[in-house]
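Novice: Throw the hints in and build the complete structure from the sequences for me.
Heads up: the protein sequence lines correspond to chains A and B, in order.
Sequential numbering from 0 applies to the first sequence in numbering that gives the first Met the number 0.
Sequential numbering from 0 applies to the second sequence in numbering that gives the first Met the number 0.
Careful: at least some of the hints might be erroneous.
Claimed, not checked - Derived contacts from chain B toward chain A, CB cut-off under 8 Å, selection only:
| no. | residue |
| --- | --- |
| 1 | Leu83 |
| 2 | Lys85 |
| 3 | Gly89 |
| 4 | Pro96 |
| 5 | Thr100 |
| 6 | Cys319 |
Stated by the list, open to error - Which residues of chain B face chain A? A partial, calculated answer using Cβ under 8 Å:
| no. | residue |
| --- | --- |
| 7 | Met59 |
| 8 | Arg88 |
| 9 | Arg90 |
| 10 | Phe94 |
| 11 | Tyr101 |
| 12 | Leu102 |
| 13 | Asp103 |
| 14 | Pro104 |
| 15 | Leu105 |
| 16 | Tyr136 |
| 17 | Leu140 |
Said to hold, decoys possible - No farther apart than 20 Å at their CA atoms in a straight line, the calculated lysine to aspartate or glutamate pairs in the EDC-like style are these:
| no. | chain 1 | residue 1 | chain 2 | residue 2 |
| --- | --- | --- | --- | --- |
| 18 | B | Lys85 | A | Asp233 |
| 19 | B | Lys180 | B | Glu37 |
| 20 | B | Lys85 | A | Glu243 |
| 21 | B | Lys82 | A | Glu76 |
| 22 | B | Lys86 | B | Glu159 |
| 23 | B | Lys180 | B | Glu165 |
Please keep in mind that the hints were generated in silico from the structure rather than gathered at the bench.
Note that the coordinates shown come from a computational prediction; the quantities given were computed from them, not determined experimentally.
Beta carbons are placed, not taken as given, at the ideal position from N, Cα and C, and that holds for glycine.
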Amino acid sequence: MGKLKSWGIRGGVSLGKLKSWGIYIGRGVALLFAVSALSFALASASPINPETRYRLSHPGVSQENVTKMREYWGIDEPPVGRYLGWLGGLVRGEWGMSTTYRRPVLDVIGERFSASFALMATAWVLSGLTGFAMGCVMAAARDRWPDRILRRICLFLCSVPTFWIGLVLLAVFSANLGWFPFGLAVPPGVRAESVTLAQRIHHLALPALTLSCLSFANLALHVREKLVDVYQSDYVLYARARGECGAQILFGHGIRNALVPAIIMQFGSVSELFGGSVFAESVFSYPGLGSALAKAGMDASDIPLFLGIVMISAVFIFAGNLTANILTQVIDPRTKGVG
Amino acid sequence: MNNILEVKDFSLAFAMYDGVFHRRMLNVITNLNITVGEGEMVAVAGSSGSGKSLLAHGIMGILPQNAVTGGSVLWRGQPMTPKLLKKIRGRALAFVPQSVTYLDPLIRVGRQITRDKGKLGELISRYHLKPEVARLYPHELSGGMTRRIMICAALAGSPELVVADEPTPGLSRHLAEHAMKHFREMADAGAGVLLVTHDIELAIRFADRIAVFYGGTTVETADAADFVNGDGRYPNGRDGGDGAGVGQVTGDSQDAGGDGAGAGSEPDGTGRRQGDGVGLRHPYSKALWAAMPQNGFVPTPGVQPYAGDLPAGCLYAPRCPMRTQACDVAPEPRPLRGGVVSCHHAV
Numbered sequence: 000m001g002k003l004k005s006w007g008i009r010g011g012v013s014l015g016k017l018k019s020w021g022i023y024i025g026r027g028v029a030l031l032f033a034v035s036a037l038s039f040a041l042a043s044a045s046p047i048n049p050e051t052r053y054r055l056s057h058p059g060v061s062q063e064n065v066t067k068m069r070e071y072w073g074i075d076e077p078p079v080g081r082y083l084g085w086l087g088g089l090v091r092g093e094w095g096m097s098t099t100y101r102r103p104v105l106d107v108i109g110e111r112f113s114a115s116f117a118l119m120a121t122a123w124v125l126s127g128l129t130g131f132a133m134g135c136v137m138a139a140a141r142d143r144w145p146d147r148i149l150r151r152i153c154l155f156l157c158s159v160p161t162f163w164i165g166l167v168l169l170a171v172f173s174a175n176l177g178w179f180p181f182g183l184a185v186p187p188g189v190r191a192e193s194v195t196l197a198q199r200i201h202h203l204a205l206p207a208l209t210l211s212c213l214s215f216a217n218l219a220l221h222v223r224e225k226l227v228d229v230y231q232s233d234y235v236l237y238a239r240a241r242g243e244c245g246a247q248i249l250f251g252h253g254i255r256n257a258l259v260p261a262i263i264m265q266f267g268s269v270s271e272l273f274g275g276s277v278f279a280e281s282v283f284s285y286p287g288l289g290s291a292l293a294k295a296g297m298d299a300s301d302i303p304l305f306l307g308i309v310m311i312s313a314v315f316i317f318a319g320n321l322t323a324n325i326l327t328q329v330i331d332p333r334t335k336g337v338g
Numbered sequence: 000m001n002n003i004l005e006v007k008d009f010s011l012a013f014a015m016y017d018g019v020f021h022r023r024m025l026n027v028i029t030n031l032n033i034t035v036g037e038g039e040m041v042a043v044a045g046s047s048g049s050g051k052s053l054l055a056h057g058i059m060g061i062l063p064q065n066a067v068t069g070g071s072v073l074w075r076g077q078p079m080t081p082k083l084l085k086k087i088r089g090r091a092l093a094f095v096p097q098s099v100t101y102l103d104p105l106i107r108v109g110r111q112i113t114r115d116k117g118k119l120g121e122l123i124s125r126y127h128l129k130p131e132v133a134r135l136y137p138h139e140l141s142g143g144m145t146r147r148i149m150i151c152a153a154l155a156g157s158p159e160l161v162v163a164d165e166p167t168p169g170l171s172r173h174l175a176e177h178a179m180k181h182f183r184e185m186a187d188a189g190a191g192v193l194l195v196t197h198d199i200e201l202a203i204r205f206a207d208r209i210a211v212f213y214g215g216t217t218v219e220t221a222d223a224a225d226f227v228n229g230d231g232r233y234p235n236g237r238d239g240g241d242g243a244g245v246g247q248v249t250g251d252s253q254d255a256g257g258d259g260a261g262a263g264s265e266p267d268g269t270g271r272r273q274g275d276g277v278g279l280r281h282p283y284s285k286a287l288w289a290a291m292p293q294n295g296f297v298p299t300p301g302v303q304p305y306a307g308d309l310p311a312g313c314l315y316a317p318r319c320p321m322r323t324q325a326c327d328v329a330p331e332p333r334p335l336r337g338g339v340v341s342c343h344h345a346v
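Specialist: Now the structure itself:
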């Protein structure tokens, strides 16, 4: 019975539960450590470092300034020492200065994050709800025309890249129809205090729609597949033999069983969401984490900001997968105690 | 005795597609007849792949979309319309499925038996399950527990007829007997039980009547007692005077099970009498009987015909030692010595 209690919906902290949490935290720390080491190693291996970059933009720089700069950035120190110094800073909350924004990395991330979070959360909820609903519709109408049409649309959306969808949406809704602004998170030339919520939503709509296209088609196809399986299962046959009606079968067996893969997929798609936001925000010049990351990595070589965003993304992706794990165990008793 | 269920000339076919346009019918069950009365336990026995489970699914109305049925199913004399079926399913008509896959993996078994707490407790203790079992999920059940859970679920609706589809595979001898006793108890309490099984031995011990199923049809319906004294060989030396037919196993005395079980009217484990059978009627039933380990383990050459490739005429003819010209015409079921047989030569 102890096995039943761990993760049970009934409360109470058991030893098994504590152990599971210990394992999860251990894994999270190990993951963050690995991500930090790998991304630091990649950044160090880059041929562009602060000195070379400065020399490129300021051709006539004096030797004295170069020496000062090498000292400031610690370029002559061994990489392991630099890594440990950076790691220590991460733990203390000193993530360094962003070279592009001339401000502490954490401040930049904090500001960018709020914009990105609104975008990603909207896209995530939108894709989750429409994806699940569309999957149910396709399964209910399986092999008839609504299913065929929706399935083709989903397969199409799965196959095209996010930035292309963004460009098409821009061309249609902003350029041709003029319903939505071309980019940015707020209207230009308006004081920050006087931006209304409606204006923010107006600016958010197209990027969020673009980003949700990333995962909702995939989710819908998976939900459809699972529901079709459920409808062909022995337990639905048995439910019918026991006189349950269509609605009882759909709500009592269908949705519940289809929810498990949907949750795993939707929480697992947080990583794709971060990846997709880089493209979506770039296309719409949306001032979020994704566009900051693209800028920091590509043209500015803003290594402190770049690594900072990588670490924050890793935390969120880990949290998404962990949530999927825990929720699955709550819904599906067969996965209990399976790490 | 009132008949609860009557299945008359039942047939079942699947629409199949050969290529894109060519649709053909795959006949799985043909000319099947069976009745179940109140307090009666009828076993449909046959080998795997003979379409037995489809018969159970057909009665329950849970066949796949491409299934086409013919003949008639009567419920207490009324035609079983979809409307009637909807009304009685899960209540007067209960289904005991084959395996644990028929339980929803995400729902606690207690709730799958019934939502009525009082009834649940009563059923669970009646089948010697611990109260905690109700809180388990299907994957946590053992084979024997699953079986009992499904029986509880069937009884939750106070059924008049229980259709049980292969309830014993995967169970130990002991548990299988237990399960059969439960069905016997249901019948003794007045319900009809239709048991689909390939375990002929258990069927003989617990059922009242046995319908022998071959190639998608019932070749013989016999009292279970007939099997006890079933003559494994063909009745060449029989004198034909079978009217009263008490234990006529002809002169050959090497009949293995005959005398011992036949003469004695000892009550067996079920508390019922095993009768003095007069032997079986159809050559396939006899072959089935002879193939049982305690009756000599005699194999019969050949295989059951595939549903898509049934022979014209009598389905058993290709394997039958009694086959003649007459067998080119399919035999109609006819009453014989208290049973029903579909054979031109059965006496």
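Novice: Hint by hint, say whether it matches the structure.
Specialist: Verification of the hints:
About 12 Å separates the beta-carbon of Leu83/B from the nearest beta-carbon of chain A, more than 8 Å, and the hint is not met. Annotation: Lys85/B was flagged as interfacial toward chain A, and the flag holds, the nearest CB pair being 7 Å apart, inside 8 Å. Taking 8 Å as the C-beta contact cut-off toward chain A, the hint placing Gly89/B at the interface holds, the least distance being around 3 Å. With a cut of 8 Å, the hint placing Pro96/B at the interface with chain A holds, because the nearest CB-to-CB distance is about 5 Å.
Given the 8 Å rule on beta carbons, the hint for Thr100/B holds: about 4 Å separates it from the nearest Cβ of chain A. Violation of the interface hint for Cys319/B is found here, the shortest Cβ-Cβ separation to chain A being roughly 36 Å, above the 8 Å cut-off. With 8 Å as the threshold, the beta carbon of Met59/B comes within range of chain A, its nearest partner Cβ sitting at about 4 Å, so the hint holds. With its C-beta approaching chain A no nearer than about 4 Å, Arg88/B sits inside the 8 Å limit, and its interface hint holds.
A cut of 8 Å between beta carbons decides the hint on Arg90/B: the least distance to chain A is about 7 Å, and the hint holds. Interface restraint check for Phe94/B: the shortest CB-CB distance to chain A comes to about 4 Å, inside 8 Å, so the restraint holds. Given hint, Tyr101/B at the interface with chain A, holds; its Cβ is 4 Å from that chain's nearest Cβ, closer than 8 Å. For Leu102/B, the interface hint holds, since its Cβ comes within 8 Å of a Cβ in chain A; the closest pair sits about 6 Å apart.
At a threshold of 8 Å, the smallest CB-CB gap from Asp103/B to chain A is about 5 Å, leaving the interface hint in force. With its C-beta approaching chain A no nearer than about 6 Å, Pro104/B sits inside the 8 Å limit, and its interface hint holds. Annotation: interface hint on Leu105/B holds; nearest CB of chain A at approximately 5 Å, less than 8 Å. Using the Cβ-Cβ criterion of 8 Å, the hint placing Tyr136/B at the interface with chain A is satisfied: the shortest such distance is roughly 4 Å.
Given the 8 Å rule on beta carbons, the hint for Leu140/B is violated: about 12 Å separates it from the nearest Cβ of chain A. A distance of roughly 19 Å separates the Cα atoms of Lys85/B and Asp233/A; the hinted pair therefore holds under the 20 Å criterion. Using a Cα cut-off of 20 Å, the hinted pair Lys180/B and Glu37/B holds, with the two alpha carbons roughly 17 Å apart. Of the pairs offered as hints, the one joining Lys85/B and Glu243/A holds, with about 9 Å between alpha carbons and a cut-off of 20 Å not exceeded.
The suggested pairing of Lys82/B with Glu76/A is violated, with an alpha-carbon distance near 84 Å, which exceeds 20 Å. Taking the CA atoms of Lys86/B and Glu159/B, the gap is near 13 Å; set against the 20 Å cutoff, the hint holds. Pair hint Lys180/B plus Glu165/B holds up; C-alpha atoms about 15 Å apart against a cutoff of 20 Å.
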